[in-house]
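So the sequences go chain by chain: A and B. This note's numbering puts the first sequence at residues 1 to 559. This note's numbering puts the second sequence at residues 560 to 896.
Please note: incorrect hints may appear among the correct ones.
Okay, derived cross-link-like pairs now, BS3-like style, lysine-lysine, Cα gap no bigger than 30 angstroms in a straight line [as the list claims (entries may be wrong)]: (1) A:Lys-20 to A:Lys-508; (2) A:Lys-523 to A:Lys-490; (3) B:Lys-577 to A:Lys-490; (4) A:Lys-20 to B:Lys-788; (5) A:Lys-475 to A:Lys-526; (6) A:Lys-526 to A:Lys-330.
These aren't lab readings, by the way, just hints derived from the structure by calculation.
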Amino acid sequence: MKRFAALIDRLIYTRSRNSKLALIVDYLKHTPDPDRGWAIAALTESLDFPAVKAGTVRALLATRVDEELFRLSRHFVGDTAETAALLWPEKPLPFRGGVGVGHVDGAQPVEPPPAATREQSSQVSLPSPKGEGGLSVSEAVDALASATRSDAPAVVAALLDRLDADGRYALLKLALGGMRVGVSARLAKQAFAQAFGVPVDDVEELWHAIPPPYAPLFAWGEGRAERPDLADVAFFRPFMLAHPLEDATVDLADYAAEWKWDGIRVQIVHGGGETRIYSRGGEEISGAFPELVTAFDQDAVIDGELLVRGDAQGGEAASFNALQQRLGRKTVSKKMLADYPAFVRVYDLLAAGGDDLRGLPWTARRRRLEAFVPRLAASHFDLSQVIDATDFDDLAERRAGARDAAIEGVMLKRRDAPYVAGRRAGLWYKWKRDPLTADCVMMYAQRGNGRRASFYSDYTFGCWSEQGELLPVGKAYSGFTDEELNWLDKFVRDNTLNRFGPVREVEKSLVLEVAFDSIHASKRHKSGLAMRFPRVSRIRRDKPAEEADRIATLLAMAT
Amino acid sequence: MAKARTWIESHPHGIHVKPADVWIDPSRPVERAAVTHGHADHARSGHGSVYATPETLAIMALRYGVDAEASHNAAFPYGEGFERGGVKFSFHPAGHVLGSAQILMEYAGERIVVTGDYKRRADPTCARFEVVPCDIFVTEATFGLPVFRHPPTSDEIAKLIGAVRAEPGRSVLVGAYALGKAQRVIAELRGAGWDAPIYIHGALEKMCRLYAVHGVDLGELRLVSETDKAEMAGQIVLAPPSALNDRWSRRLPDPVTAMASGWMRVRQRARQRMVELPLVISDHADWDELTATIAEVNPRETWITHGSEDGLLRWCELHQRKARALHLVGRDLEEEA
Chain A
1 MKRFAALIDR
11 LIYTRSRNSK
21 LALIVDYLKH
31 TPDPDRGWAI
41 AALTESLDFP
51 AVKAGTVRAL
61 LATRVDEELF
71 RLSRHFVGDT
81 AETAALLWPE
91 KPLPFRGGVG
101 VGHVDGAQPV
111 EPPPAATREQ
121 SSQVSLPSPK
131 GEGGLSVSEA
141 VDALASATRS
151 DAPAVVAALL
161 DRLDADGRYA
171 LLKLALGGMR
181 VGVSARLAKQ
191 AFAQAFGVPV
201 DDVEELWHAI
211 PPPYAPLFAW
221 GEGRAERPDL
231 ADVAFFRPFM
241 LAHPLEDATV
251 DLADYAAEWK
261 WDGIRVQIVH
271 GGGETRIYSR
281 GGEEISGAFP
291 ELVTAFDQDA
301 VIDGELLVRG
311 DAQGGEAASF
321 NALQQRLGRK
331 TVSKKMLADY
341 PAFVRVYDLL
351 AAGGDDLRGL
361 PWTARRRRLE
371 AFVPRLAASH
381 FDLSQVIDAT
391 DFDDLAERRA
401 GARDAAIEGV
411 MLKRRDAPYV
421 AGRRAGLWYK
431 WKRDPLTADC
441 VMMYAQRGNG
451 RRASFYSDYT
461 FGCWSEQGEL
471 LPVGKAYSGF
481 TDEELNWLDK
491 FVRDNTLNRF
501 GPVREVEKSL
511 VLEVAFDSIH
521 ASKRHKSGLA
531 MRFPRVSRIR
541 RDKPAEEADR
551 IATLLAMAT
Chain B
560 MAKARTWIES
570 HPHGIHVKPA
580 DVWIDPSRPV
590 ERAAVTHGHA
600 DHARSGHGSV
610 YATPETLAIM
620 ALRYGVDAEA
630 SHNAAFPYGE
640 GFERGGVKFS
650 FHPAGHVLGS
660 AQILMEYAGE
670 RIVVTGDYKR
680 RADPTCARFE
690 VVPCDIFVTE
700 ATFGLPVFRH
710 PPTSDEIAKL
720 IGAVRAEPGR
730 SVLVGAYALG
740 KAQRVIAELR
750 GAGWDAPIYI
760 HGALEKMCRL
770 YAVHGVDLGE
780 LRLVSETDKA
790 EMAGQIVLAP
800 PSALNDRWSR
810 RLPDPVTAMA
820 SGWMRVRQRA
830 RQRMVELPLV
840 ISDHADWDEL
850 TATIAEVNPR
860 ETWITHGSED
870 GLLRWCELHQ
880 RKARALHLVG
890 RDLEEEA
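The following block holds chain A by itself, in its conformation from the complex (with noise of 0.2 angstroms):
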């Protein structure tokens, strides 16, 4: 546990996306099973102990702790599970660091020796597997796993008792989930690839065919066994991924042609008795669409685009913004079901019938696609259709003419082109649409992380109301060069109004010109507006912040 524990704190303040890479990597490779695989589970969200709940925590330390005291603590902490684990009365010690309850004055306290020969706090390298002692994650694992809601305090308290302050947090977020270090599935699997030297592809694939603590992927990855078999097993196929077409063309010829929707890309597997759904990440998301679920009956595994239908589309596919109301959900009510109704426009066709079709290319997967869809519930999947432009000047016609409020813009997939996993040069393409841009002006700054933590580099912009005030539309932190980024630095330094923390507002004069991919109508924001990836696009130091764009433009591109 103090491995895990260590880990989970040097995971909260690493920003960078490589550092974290690198610490889950050591503590892959040199923490023995099953501990790693609980840890790396449980990082991922990936474990659920339903007789432990934060009820049971915050019953449990009215128990121990005074209510109010509780209360007050929790009141200023902000988390439930850092408030029990920093407030959980250890055995009573004498004060460390020197003070004895009923030292008067004079004695020298006894100090601990001299910090820099002491290697296990050291901050880099995780505290050594060996000699570790106390409570391991397994240990852990298996008490919450077997605890029923009535004893669930008791093997709490119990497992609390053994540990410090940091190995309660671990544990507390261990039991109750909202680990929140930003550790995605996509990144634990990297881990995994890079500790093991094995193809990420691969463990993409085994991943989600393993249940927790993955004991025959870590024997697979140091060699010790063969790959495991996936018959039978709904797993995870890793997706291909297109590159933007920039300024080229292609032949029509050697290219098929498909709308892009702008949905979330899934890949619907059914496999051993069971269908689930995921995400480009490799996350199951199956909870979020039960009706999607049970309306795949058959043996087969394909890719699509999920969208949800709207009203205002006539029961077609609405906008990314309506989708967004179904997300990032464990569980799903009835309204939402019946407000939301989410389908399927399928791409892909990657197996049926027991059979791998990756290996085929993209015209013979297309037929098998064209034939399979019509066996699938209308209501919740169609087949996404093949753009008949004549050449590619006529699909240039057809993407600036598009309208759709789902339509991202066009892809080009490679006619002889197997399906293989990530992105491959000439196989797909993605051309998006031209971005919309409108001229905002710059209304507060805040600091970037990393390498960006001494720049203000994330702008809040707005644009003028009819009652002539400036109203917030979307924050951008990308499109600048380090140059540009180095002159608006500057510019919100000298020009800085107000200070909020971490916010800056600056006078409103610097106008930003904004490109968007598409602008949703939204209840959330004072402008009712919400930007769609917006990114600085040019610094427009020649217009008067007057001359910016008004709300009521914004409002009519908004699809």
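Chain A is fixed; fit chain B onto it per the hints.
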């Protein structure tokens, strides 16, 4: 015995000792001020007369332009004091920063101690807190919630040294308050065997020199402004917290941002400050020290000046101790904790 509340009064801007017409740590100019220590939320300029320890007076001279030599000001070493209006004042070590003192007042058979800020654990840069028996104990409560338990300082210093050694190409930039915390971190590093020069922000220079004059050996210090970037790789740099993520930090080689403060105990606080290496090193008593000190001093009444008064009040209530909160204003130097 006199009733304390008849001769000592709490106001939002300080504590007034009526028979002597002396204010303790007033936050606005008064005729006569007794000052516990040199931090800006306790020591201000513009008073008629200042009574303090010699070190505190020297700090006030450096920071606020108080004339330490002027005859209307007076310096009292620990254990000594003065009498005015029948009230006997004396200064006793508080263990907070160099020169910090608790002020004991005796009047008509009653003893009141005002702690100012204090801590109980060892600090190589200042005299250790002494328990002064009294009837009324006026305590701070910066960390008056049971979530605050500072780990041993030596562990935090080891963490800091470990971080520097782990990435020799980078510097570790420690945010530390310019009066007290910075010098303590340096002295603790020296005590742990860190002999290399320590690099400091210009804002720390004068105070470090003042500490050295008062016998606190800080070893070799170099100014960041006079040093090549490359020289600071693998080295420790100290700056006031406000400089951590400021343009100033760009002159350091890829710094790891650390911060030495009791607030670093709470992860979200540390994250808000964009700190990568939180060091829980505080010059204030933690919860265990606060509560044990009250138990040890065992006063008839406990008055709580600033911080998380509610938590400490609740503890007093649970332990059947008479207590009240004074609600002083302007005591919120978060950076200094």
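Results for each hint:
1. A:Lys-20 to A:Lys-508: violated, 38 angstroms
2. A:Lys-523 to A:Lys-490: At roughly 34 angstroms apart (the allowed maximum being 30 angstroms), A:Lys-490 and A:Lys-523 break the hint.
3. B:Lys-577 to A:Lys-490: violated, 53 angstroms
4. A:Lys-20 to B:Lys-788: holds, 27 angstroms
5. A:Lys-475 to A:Lys-526: holds, 14 angstroms
6. A:Lys-526 to A:Lys-330: holds, 29 angstroms
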